[in-house]
Amino acid sequence: MLEFTLRRLSATIPVLLGILLIAFIVLYLIPGDPAQTVAGPRADAETLARIAEEMGLDQPLHKRFISYLERVFQGNLGDSVVSGKPVIESVIEKLPYTLKLAAFAMTFSIIFGILAGIISAITQGRWLDRVCTFFSVAGISVPVFLSGLVFLYVFGVKLRWFPTSGFAADNSLMPFILPAFTLGIRSAAFLARIVRSSMIEVLNQDFIRTARAKGLSPARILFKHGLTNALIPVITVIGLDLSSYLNGSVIVETIFDLPGIGRFAMDAILQRDYPVIQGIVLLGAVVFIMVNLVVDLLYAWINPKIRDEMLGKLAR
Amino acid sequence: MKTFLRNLSFAGWISFIGIILVFIVAIFAPLLVANDPMETDPLRRLSREEGFPLGCDQLGQCVYSRLIYGARLSLIIGFSARFSALLIGLAVGLTAGYAGGWTDWLLMRVVDMFLAFPSLLLAIAVSMVMGSGIKTVVFALAIVGWAEMARIIRSSALELRSAEYVVAARTLGASHLRIVLTHILPNCLPLITVIFTMGMATAVLSEASLSFLGLGVDPSLPTWGGMVASAKDYMLRRPELVAYPGLCIAFLVIVFNIFGDELRDILDPSRKGNW
Chain A
7 MLEFTLRRLS ATIPVLLGIL LIAFIVLYLI PGDPAQTVAG PRADAETLAR IAEEMGLDQP
67 LHKRFISYLE RVFQGNLGDS VVSGKPVIES VIEKLPYTLK LAAFAMTFSI IFGILAGIIS
127 AITQGRWLDR VCTFFSVAGI SVPVFLSGLV FLYVFGVKLR WFPTSGFAAD NSLMPFILPA
187 FTLGIRSAAF LARIVRSSMI EVLNQDFIRT ARAKGLSPAR ILFKHGLTNA LIPVITVIGL
247 DLSSYLNGSV IVETIFDLPG IGRFAMDAIL QRDYPVIQGI VLLGAVVFIM VNLVVDLLYA
307 WINPKIRDEM LGKLAR
Chain B
287 MKTFLRNLSF AGWISFIGII LVFIVAIFAP LLVANDPMET DPLRRLSREE GFPLGCDQLG
347 QCVYSRLIYG ARLSLIIGFS ARFSALLIGL AVGLTAGYAG GWTDWLLMRV VDMFLAFPSL
407 LLAIAVSMVM GSGIKTVVFA LAIVGWAEMA RIIRSSALEL RSAEYVVAAR TLGASHLRIV
467 LTHILPNCLP LITVIFTMGM ATAVLSEASL SFLGLGVDPS LPTWGGMVAS AKDYMLRRPE
527 LVAYPGLCIA FLVIVFNIFG DELRDILDPS RKGNW
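If you read the sequences in order, they're chains A and B.
Each residue of the first sequence is one higher than the one before, counting from 7 in this note's numbering.
Each residue of the second sequence is one higher than the one before, counting from 287 in this note's numbering.
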């Protein structure tokens, strides 16, 4: 296990550095002079030169990258060009909204995804399975912005079941339900498919037949023997989904006017607030890598067979 | 091809016909439209005039004609993006899988980096660097999509590397380039067809998302995502203007997804049912 952990980590660190490099280069390539942005359009050449020096823009590129690394490792993601506030501060302020949204979305998707997957697996080939399969294909195909707008219109405006705004006003959870549902559909659909195929695979195995022959009740076989084994691949999917929520939250938070990280990113994009965009993209990538690292380690810890397989892959 | 068509299930047929249908609409768009999709007229704003089958949008443009041209843009952008992604994915994936060792390790870490970025935000960042336009969107989607393809092609190449016919070709003195191009690549083709088709769904969806956020191609061009974005401000008065382009996107993505599934089941039965 120690060898696996070390090898897995040694594959992670270069990736992290590479991500920082890409984020740095993208910001460097963006047209426009950062000193000009800070100084304003009417600054004279002398002021510009002074600001460029202060910002370290006169340094060679590799030195700028190193000082960029130093800053990032100190938790400094730069300041917003628009508000002047440190990016990390705004992120921390907005994070709770997105976390709440993601937690809800994940709960929805786990409940619906696993339920639909099980139903599909035990009614394999019959009409209920077909209905579930159709909905899971539709769930991954319908764009998030369409389902979001439809929910907003039907449940928010027409039926008035859920409030369509008021995230900041109180601590009520009601306004989060529609956005979370919208965000969770896609991963619920994904989960349903994975659960279905892994459940069918497990149910066809010998130990299930043995359990059936022993006369165990179908429910016990299904949940105790079937589901616990079928859920192993599901962990990976949930891990991957968690990080894809950042993409979805950009759209969902824009539609539902939810003041979280996604909305923050979108506002920054519209205002060309590059340090903010860079910071959020970077955070997203780091979260993704960390989640995957944890998932892989968990996985390897639970199942030594998989650990050996993955070790072989890493060593190659 | 014949056996392929015979093996197609009912859902497969429906999706196949659906894809052909969208292609026909895209190719013959100029013959199918009722009006000039770009012609605006403030007097026709959100109206349901005679001669405009689905009415007019907030600029008085013919919604039906814009939907027809939207099919064209979706397919062109989706296809070019996927094709560019495939070229990069092939180059990286085949090299990594065939070479193995350090080359493989290094290339796969680069792939990991690109997979780690939140794809939508990366695409947005790329399109900001390059400025808006069709080429930019294609490039941004290719940058976002190649890594997944590279990873899948690599694992296939890695398996084929030790196949007997490859070893035999090497023993006969065939060059590495020749082996990759004449032995490994053709054997990856079924897999490539599958990931290309499935990827079309993702590409169409991503393009629509970019256009919806106003970061895709020029907003005056008739894209489905852009049409949803502009219609959403008038959703309370004319909700169907959101529904038409939205359903078009959903339809195209669904048929590509189902067809991709079907292709995988036929061409690569070992992975049946998995994604």
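Honestly, the hints are just simulated from the structure, not real lab data.
Since the structure is predicted, the reported quantities are computational estimates derived from the model, not experimental observations.
Yeah, the Cβ is synthetic: ideal placement off N, Cα and C, and Gly gets one too.
Treat the hints with care, since some could be wrong.
Said to hold, decoys possible - The calculated label-pair distances, taken between Cβ atoms and stated as ranges, are: (1) 229(A) with 460(B): 54 to 60 Å; (2) 71(A) with 329(B): 53 to 59 Å; (3) 395(B) with 263(A): 54 to 60 Å; (4) 339(B) with 140(A): 26 to 32 Å; (5) 519(B) with 179(A): 50 to 56 Å; (6) 464(B) with 293(A): 56 to 62 Å; (7) 292(B) with 229(A): 48 to 54 Å; (8) 230(A) with 441(B): 32 to 38 Å; (9) 310(B) with 179(A): 45 to 51 Å; (10) 395(B) with 71(A): 30 to 36 Å.
For each hint, the structure was consulted:
A beta carbon spacing of about 55 Å between residue 229(A) and residue 460(B) agrees with the range 54 to 60 Å that was offered as a hint. Restraint check, residue 71(A) to residue 329(B): a C-beta distance of roughly 57 Å satisfies the suggested window 53 to 59 Å. Distance hint for residue 395(B) and residue 263(A): a CB-CB separation of about 39 Å, inconsistent with the stated range 54 to 60 Å. Separation of residue 339(B) from residue 140(A) is about 29 Å and conforms to the stated range, judged on CB atoms against 26 to 32 Å.
Under the hint 50 to 56 Å, the C-beta atoms of residue 519(B) and residue 179(A), about 28 Å apart, miss the expected range. Take residue 464(B) and residue 293(A): their Cβ atoms lie about 44 Å apart, and the range 56 to 62 Å is violated. Checked against the hint of 48 to 54 Å, the C-beta distance between residue 292(B) and residue 229(A) comes to roughly 40 Å, which is inconsistent with it. For residue 230(A) paired with residue 441(B), a C-beta distance near 34 Å keeps the hint of 32 to 38 Å intact.
Between residue 310(B) and residue 179(A) the C-beta distance comes to about 48 Å, which sits within the given range of 45 to 51 Å. The hinted range of 30 to 36 Å is not satisfied by residue 395(B) and residue 71(A), whose Cβ atoms lie roughly 18 Å apart.
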